[in-house]
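Trainee: Listed here are the chains, written in short residue letters.
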Amino acid sequence: MNKENSFKGFFGDIKKHLMSGVSYMLPLIITYALFMILSQIPGATQDAFSKISEYAQMLIVPVLTTFIAYSIAGKPAIATGLVVGLLSDQMGMGFIGGLIVGLLAGYFVKLEMIVLQKKEGGQLANFLVSLFVIPILTPLVVGLFVYFVIANPVSSFMIMLSGWLDNLSTTNAVVLSIVLGAMMGFDMGGPVNKIAFTFALAAFTEGAFNVSTPVWVSIAIPPLGMALATMLAPNKYSEEEKAAGKNALIMGLIGLTEGAIPFAAVDPFRVIPSIMVGSALGAAMTTLLGVTTTVMFPSLLGMLGVNNILLYLICHIVPVIITALLVNALKKKVVEK
Amino acid sequence: MKLVAVTSCPVGMAHTFMASAALKEAARKLGIDIKVETQGMAGISNRITQSDIQQADAAILTNDVIIEEQERFEGLPVYTTSTSKIIKNVNEIIQETIALIKKEKP
Chain A
1 MNKENSFKGF FGDIKKHLMS GVSYMLPLII TYALFMILSQ IPGATQDAFS KISEYAQMLI
61 VPVLTTFIAY SIAGKPAIAT GLVVGLLSDQ MGMGFIGGLI VGLLAGYFVK LEMIVLQKKE
121 GGQLANFLVS LFVIPILTPL VVGLFVYFVI ANPVSSFMIM LSGWLDNLST TNAVVLSIVL
181 GAMMGFDMGG PVNKIAFTFA LAAFTEGAFN VSTPVWVSIA IPPLGMALAT MLAPNKYSEE
241 EKAAGKNALI MGLIGLTEGA IPFAAVDPFR VIPSIMVGSA LGAAMTTLLG VTTTVMFPSL
301 LGMLGVNNIL LYLICHIVPV IITALLVNAL KKKVVEK
Chain B
1001 MKLVAVTSCP VGMAHTFMAS AALKEAARKL GIDIKVETQG MAGISNRITQ SDIQQADAAI
1061 LTNDVIIEEQ ERFEGLPVYT TSTSKIIKNV NEIIQETIAL IKKEKP
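The listed protein sequences correspond, in order, to chains A and B.
Residue numbers for the first sequence follow the numbering used here, beginning at 1 and rising by one.
Residue numbers for the second sequence follow the numbering used here, beginning at 1001 and rising by one.
In short, the hints are calculated from the structure, not lab data.
Fair warning: there could be bad hints in the mix.
Only pairs whose alpha carbons sit at most 35 Å apart, straight line, appear in this in silico DSBU-like list of lysine-lysine [claimed, not checked]:
| id | chain 1 | residue 1 | chain 2 | residue 2 |
| --- | --- | --- | --- | --- |
| 1 | B | K1035 | A | K242 |
| 2 | A | K15 | B | K1029 |
| 3 | A | K246 | A | K15 |
| 4 | B | K1024 | B | K1105 |
| 5 | A | K242 | B | K1024 |
| 6 | A | K242 | A | K331 |
A few chain A residues that don't get close to chain B, going by computed Cβ distances all over 12 Å [said to hold, decoys possible]:
| id | residue |
| --- | --- |
| 7 | I30 |
| 8 | Q117 |
| 9 | P223 |
| 10 | G255 |
| 11 | P273 |
Backbone N, C-alpha and C fix where the C-beta goes; we use that ideal spot for every residue, glycine too.
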């Protein structure tokens, strides 16, 4: 009942490991981006802040790699994960490289543990395994594989990708934003949303703010749109939904898409398309108007690093109004029991 | 009947806590005792202790990201699911966990 078949289970596990890595990495990205802004303030602290930001950035990919490996194989994977993570990052493999190398390192350590545990060797064997095999064999094999086999193709791919993202034609950029924005709205913090979010994170760590900003903008639109909808047409929502509307307003201002979930759970076929339109529109407007932010915060906090506050606000307000009007046009009056 | 649960999602700001709230609310309505530990961005809160586990009949664990100290739950029937499934179908998940307890301890 709770056992998925092993094929599906394996890919489900990979997703879990990747998201675990992302989860441990996120605070570092926040530190990096915030201190980068602080380091622009002239004064005695400038150098300290720029160093903090620089080192935080340096740790992003190694920590991602490490915790993907940790999620797969536990504590023995940490040391190797850090080393091969730093190696892959320094070789220009970036975020995508970090994901691949994390999986490699984790599964390699797990394989070692399975193979070695089969042989009942007693304490001496255990001792030798922990002393030599895991800390030496793993970085040796994975490290050489990264250095000689995958570093070149992956780093060329990253250069190509970041070149492509930097020089996107307006049409392509808008299409990309629409797709990512719609994905963000589709399941409000669920798996599809996280794919778009992770893509934006990858772009963000490469400095492609033109790609990441539309995605951050699309985060707050679903909850704010639903909050506005409950205020504009209270007779179309139940008492619970009106309460959820107030909650959604707060969640929207903080930047949590999940605030729209209570509405989508009750009435998915009217709510989800409306918020997808809103999120996609917000993302497309952000691209068209050239709004970028250098922090990875959505909603109000996103203004910390924005190039044009007025346009940034417009990119939120217009889609929020459209979302609210659209969902209310689709909704019928609620008959309270 | 007593259940223990751990919720954790990738960002650790919303799904983790919404799933926790959903479990507590549904358990309260069904008259089931539940303790929910959250592992969010700010770390573990409402930690499930060894004595909680000894009293518990089953554990509900999320699999969005790795759960810290998962080995605590060894020996207990474990129902694995995701935070979004809990938010959407919490009653079904509690029913299935109860079914799991009955299957393992007839």
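Trainee: Work down the list of hints and note, for each, if the structure agrees.
Mentor: For each hint, the structure was consulted:
1. B:K1035 <-> A:K242: holds (29 Å)
2. A:K15 <-> B:K1029: holds (33 Å)
3. A:K246 <-> A:K15: holds (33 Å)
4. B:K1024 <-> B:K1105: Since the Cα atoms of B:K1024 and B:K1105 sit roughly 24 Å apart, the hinted pair holds (cutoff 35 Å).
5. A:K242 <-> B:K1024: Within the cut-off at roughly 22 Å; holds.
6. A:K242 <-> A:K331: Holds: A:K242 and A:K331 sit about 14 Å apart, inside 35 Å.
7. I30: violated (10 Å)
8. Q117: holds (16 Å)
9. P223: The assertion about A:P223 is violated, with a minimum of 10 Å to chain B.
10. G255: It is violated; A:G255 is separated from chain B by about 9 Å at its closest Cβ, not greater than 12 Å.
11. P273: Holds, since 18 Å exceeds 12 Å.
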